[in-house]
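K.L.:
Heads up, the sequence shown is in the working numbering, so the first residue is 8 and it goes up one at a time.
The hints are simulated quantities; they were obtained by calculation from the structure and are not laboratory data. Careful: at least some of the hints might be erroneous.
Derived pair list, reagent style SDA-like, types lysine to any residue, alpha-carbon separation capped at 25 Å [as the list claims (entries may be wrong)]: (1) Lys241 to Phe49; (2) Lys247 to Leu172; (3) Lys54 to Leu157; (4) Lys241 to Tyr43; (5) Lys14 to Ile74; (6) Lys107 to Leu176; (7) Lys14 to Gly80; (8) Lys170 to Leu236; (9) Lys203 to Trp191; (10) Lys14 to Gly194; (11) Lys241 to Glu163; (12) Lys241 to Val229; (13) Lys170 to Gly184.
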Amino acid sequence: MNQFFVKDFTGQPFVIFSPSHLTVLGILLVIILLIYIFRNHFTEKGKKTLRYSLAILLIVQELTNHIWFISAGQWTIQYMLPFHLCAVLVWASAYMLIFKSYRVYEFAYVIGIVGALQAILTPDIGMYGFPHFRFFQTYLSHGSIVIAALYMTWMEGFRPTPKSLLRVLIYGNLYMGLVGIINWLIGSNYLFIANKPPTASLLDALPAWPIYILYIEGLAIVLGLLMYLPFAIKDARAKKSLLVQQT
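Just need the whole structure built from these sequences, with the hints factored in.
P.N.:
What follows is the structure, encoded as structure tokens:
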């Protein structure tokens, strides 16, 4: 237990798809399935309690993460400002849960789930494997982003629209341009658009900088469309059913 919060962790380093990694993935999958199965069994009071609890979890784990980086002497403006996609979505998702914000939901659903899942599969935590604080915090953070967006979809009845995709595309690119300027000014690599992350990630399969940014752009559009596909199919079936009833 004395290794839990230390900087110089001497336990087993994180390994992708190791038993501890697969266990966390399994737990996350079970939680998601339970939310879906019991989506219609919560009272309004129960849903409010769940929303607020998840929002508090998002805020507390993020603040604790900053405390760890400060205590380890690793907090820098080049790494710890809330400009990475998932860092922004931690705070935005907490706001979404508390105030039931649809505008935030559009981003949380369309790009938040995909971005957080990528971080869950290939986390940037270096040597900090189970049972270190960074290991738990990483999965609490990114897992909660996914759960928050799915909760708002399945329990609160939120859903994206074609206009949601357009808004996410436009404002997402504006944000990326702003972050690019910030990276240039302070020498950071937020959004990983200055260079690829040092640890293994899906970006390793893409060409070198800056070409991989174009691939990310195209991939984001494709994944956004895939996230919307279930709703497009549902709408098409509803329209077809309405036409049949009218004939």
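K.L.:
Each of the hints needs a verdict: does it hold here or not?
P.N.:
Consistency of the hints with the structure:
1. Lys241 to Phe49: Status holds; Cα separation ~24 Å.
2. Lys247 to Leu172: holds (23 Å)
3. Lys54 to Leu157: Answer holds: Lys54 to Leu157 is near 13 Å, not above 25 Å.
4. Lys241 to Tyr43: holds (17 Å)
5. Lys14 to Ile74: Answer holds: Lys14 to Ile74 is near 12 Å, not above 25 Å.
6. Lys107 to Leu176: holds (22 Å)
7. Lys14 to Gly80: Judged against 25 Å, a Cα distance of about 9 Å means the pair holds.
8. Lys170 to Leu236: Given pair Lys170, Leu236 holds - Cα atoms ~14 Å apart, limit 25 Å.
9. Lys203 to Trp191: With a Cα-Cα distance of about 15 Å, the restraint between Lys203 and Trp191 holds, given a limit of 25 Å.
10. Lys14 to Gly194: Answer holds: Lys14 to Gly194 is near 24 Å, not above 25 Å.
11. Lys241 to Glu163: This hinted pair holds, its Cα atoms lying about 17 Å apart.
12. Lys241 to Val229: holds (19 Å)
13. Lys170 to Gly184: holds (21 Å)
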